[in-house]
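Colleague: Could you slot chain B onto chain A? The hints should help.
From first to last, the protein sequence lines stand for chains A and B. Remember, my numbering sits 121 above the position in the first sequence when you count from 1. Remember, my numbering sits 121 above the position in the second sequence when you count from 1.
The set of hints was computed from the structure by calculation and includes no laboratory data. A quick note: this is a predicted structure, and the numbers were derived from the prediction, not measured. One should not assume that every hint holds.
Treat identical chains as interchangeable: a pair holds within one or across any two.
Calculated pairs, SDA-like style, for lysine to any residue (alpha carbon to alpha carbon, straight line, at most 25 Å) [what the hints assert, rightly or not]:
| hint | residue 1 | residue 2 |
| --- | --- | --- |
| 1 | K156 | R136 |
| 2 | K139 | E331 |
| 3 | K350 | R185 |
| 4 | K388 | N172 |
| 5 | K388 | T160 |
| 6 | K139 | D279 |
| 7 | K156 | H434 |
| 8 | K350 | S253 |
| 9 | K156 | R248 |
| 10 | K350 | F186 |
2 protein chains.
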Amino acid sequence: MSREQQVLDRIERIRRRKPVVREDRITLAHGAGGKATHTLIEAVFLEAFRNPLLAPLDDGALLRFGNERMAFTTDAFVVSPLFFPGGDIGDLAVNGTVNDLAMCGARPAHLSAGFILEEGFPIADLRRITDSMAAAASAANITVVTGDTKVVQRGKADGCYITTAGVGIVEQPVTLSASLARPGDAVIVSGPIGEHGAAIMLARDDFDIEAPIASDTAPLHGIVSELLKALPRHVRTLRDATRGGVATVLNEVARASEVAVVLREDKIPVRPEVTGVCELLGLDPLYVACEGRFVVVIDGEHAEQALDILRSHPLGADAAITGTVTADPPGLVLLRTGFGGTRVVDVLVGDPLPRIC
Amino acid sequence: MSREQQVLDRIERIRRRKPVVREDRITLAHGAGGKATHTLIEAVFLEAFRNPLLAPLDDGALLRFGNERMAFTTDAFVVSPLFFPGGDIGDLAVNGTVNDLAMCGARPAHLSAGFILEEGFPIADLRRITDSMAAAASAANITVVTGDTKVVQRGKADGCYITTAGVGIVEQPVTLSASLARPGDAVIVSGPIGEHGAAIMLARDDFDIEAPIASDTAPLHGIVSELLKALPRHVRTLRDATRGGVATVLNEVARASEVAVVLREDKIPVRPEVTGVCELLGLDPLYVACEGRFVVVIDGEHAEQALDILRSHPLGADAAITGTVTADPPGLVLLRTGFGGTRVVDVLVGDPLPRIC
Chain A
122 MSREQQVLDR
132 IERIRRRKPV
142 VREDRITLAH
152 GAGGKATHTL
162 IEAVFLEAFR
172 NPLLAPLDDG
182 ALLRFGNERM
192 AFTTDAFVVS
202 PLFFPGGDIG
212 DLAVNGTVND
222 LAMCGARPAH
232 LSAGFILEEG
242 FPIADLRRIT
252 DSMAAAASAA
262 NITVVTGDTK
272 VVQRGKADGC
282 YITTAGVGIV
292 EQPVTLSASL
302 ARPGDAVIVS
312 GPIGEHGAAI
322 MLARDDFDIE
332 APIASDTAPL
342 HGIVSELLKA
352 LPRHVRTLRD
362 ATRGGVATVL
372 NEVARASEVA
382 VVLREDKIPV
392 RPEVTGVCEL
402 LGLDPLYVAC
412 EGRFVVVIDG
422 EHAEQALDIL
432 RSHPLGADAA
442 ITGTVTADPP
452 GLVLLRTGFG
462 GTRVVDVLVG
472 DPLPRIC
Chain B
122 MSREQQVLDR
132 IERIRRRKPV
142 VREDRITLAH
152 GAGGKATHTL
162 IEAVFLEAFR
172 NPLLAPLDDG
182 ALLRFGNERM
192 AFTTDAFVVS
202 PLFFPGGDIG
212 DLAVNGTVND
222 LAMCGARPAH
232 LSAGFILEEG
242 FPIADLRRIT
252 DSMAAAASAA
262 NITVVTGDTK
272 VVQRGKADGC
282 YITTAGVGIV
292 EQPVTLSASL
302 ARPGDAVIVS
312 GPIGEHGAAI
322 MLARDDFDIE
332 APIASDTAPL
342 HGIVSELLKA
352 LPRHVRTLRD
362 ATRGGVATVL
372 NEVARASEVA
382 VVLREDKIPV
392 RPEVTGVCEL
402 LGLDPLYVAC
412 EGRFVVVIDG
422 EHAEQALDIL
432 RSHPLGADAA
442 ITGTVTADPP
452 GLVLLRTGFG
462 GTRVVDVLVG
472 DPLPRIC
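Okay, chain A solo, but in the shape it has when bound (with noise of 0.2 Å):
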């Protein structure tokens, strides 16, 4: 069956379950990387937008020009506060479409970017965001070809929110998708999570914790190449754990390829700040979104190869086979805890960090 059937195929399963949007309005849940979110794709983009190179749950999709495979993605960027311990919205907008690029398998190659900036904002921030976008943007070896500027008056937006999109070219012969995880996989997490959520959070000054915590942000095409060059046919998913963090993209995982996820909780990395921050704020780290960390389902056999690759790149240094891939319960992430009981991990439902990337 060819990938563009069974996205159609995929696409259809999805309308026969009918998801409906129950809100009349939208809530920041809506925005959250959730289960609303999810529903709100569903029901509503999906809904309009069907086609066969539609990738409703993959990071973009794969088009085919001429004899090259290319990948187009897009996100929007929001964050708030704009500039952070670690990073700013241009950064994090360079870096999270480079990395939607690099989970597609692409080596990313040219980007866009539309700005919505509000009367009032000042120049030098507009400078600063730019300079930061054109320093990721060279760090991730591509360029910034076209883009787009509107102004809306004082109180109809925050600042400045940009959306890049991106092209890039599948240059190994790859097949990745959130739907081909099979009983027997590893999960692999590149690196400690939940650093970029719980750097925002500081920086906005609801809170009074100091903790020395900056943004993961980062391009991962570098550590993704290696990785595929060596494995190409072995990596069934990419994930990069933005919104919603781990524990979302591993639902996805569950749910579009239908096996259950297992976690070892012992086995996640996560650095000890983080954890302090999240225990204060109750927040689970698994959650917290990162911009520089991202998931690998690998066959079990080739995990080991993996690990070694990514730790042997900057990048994946704390790397770690975090979990495996089961038959049962299908649709379900499950966590081994370090007493030996087992929870669910559900989807998110809230939103508990709005704006985050």
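Modeller: Below, chain B without anything else, positioned relative to chain A:
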């Protein structure tokens, strides 16, 4: 000289002029498409992102993938109100990017869509917008293949903003740019101007004027394709006359090509209703946005043939040869009035019509 080198030279010429943003903060004029927008693009965006593919004065970037020439473009849409006679933000966001691809000489292929939604936005309105996008995409024979949705708190947006990006294939051996006009060329306007802007203004409740004017939003790839198939090597410039209208497009051509554009007032296609509304509001239709009209600069010898081709298409029935390109005075647009006088059609200063698209 290669196109890449030409672009670099042009960026270098702009840098030597050392454009300066004199304001400390973003104003609505920075989003109007006129003088302030140009200065912002040149002083901030070009300065940060300069590279040989950047399309500073054109509607998109030309990329090469294998043997294919590809166009890549983006546009942010913040129109207010979201729904207006003749269309809504949804078909505007699709047609706008379809048209930017068409102006690059490309057959539009795929679109991405990034949504920024305000908390509280009615789901029914979102459905109406996505249905309208789907219909516009279908009419343009393209697919929306990837997207993203973010939600911001109440008061941090204005219902719904959409940023689309598009990729398309350049199938004809064309070389199009605002910098390629030369003396002896003719300027064609594809249809009556100013209807989109006039419709938006009337749809705002600020004025108590009623007139039977609807937005001209339409996909232009079909009519452009007819023109380029017949005359691939004779068309110099294609530009859709959106923000800032025909006057802004022609000023960009005059400036980028270092030529003069001389318009004949009596040849500019404009409907009497639009003239009437513009008179009431103190606006010049030459500066009012269209969303389904475009300007063609073509060598003078082929202008009549081009006109016949445009007029044989429903979207070009009222096309007219409206002006000519001359050597002097370089960089200026002149209007020969009905009374035999001549005035300069200057670049737009300020923003008479904020959030027109």
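Colleague: Does each hint fit the structure? Answer for all of them.
Modeller: Right, here's what the structure says about each hint:
1. K156 with R136: within (16 Å within a copy, 49 Å between copies)
2. K139 with E331: Close neither inside one copy (46 Å) nor across copies (43 Å); limit 25 Å.
3. K350 with R185: both (21 Å within a copy, 24 Å between copies)
4. K388 with N172: Neither: 39 Å inside a chain and 44 Å across chains, both beyond 25 Å.
5. K388 with T160: Answer is neither: 31 Å inside a copy and 53 Å across each miss the 25 Å cutoff.
6. K139 with D279: Neither: 35 Å inside a copy, 30 Å across copies.
7. K156 with H434: neither (34 Å within a copy, 47 Å between copies)
8. K350 with S253: neither (30 Å within a copy, 42 Å between copies)
9. K156 with R248: between (37 Å within a copy, 19 Å between copies)
10. K350 with F186: both (22 Å within a copy, 21 Å between copies)
Of the numbered hints stated above, those contradicted by the structure are hints 2, 4, 5, 6, 7 and 8, listed in ascending order.
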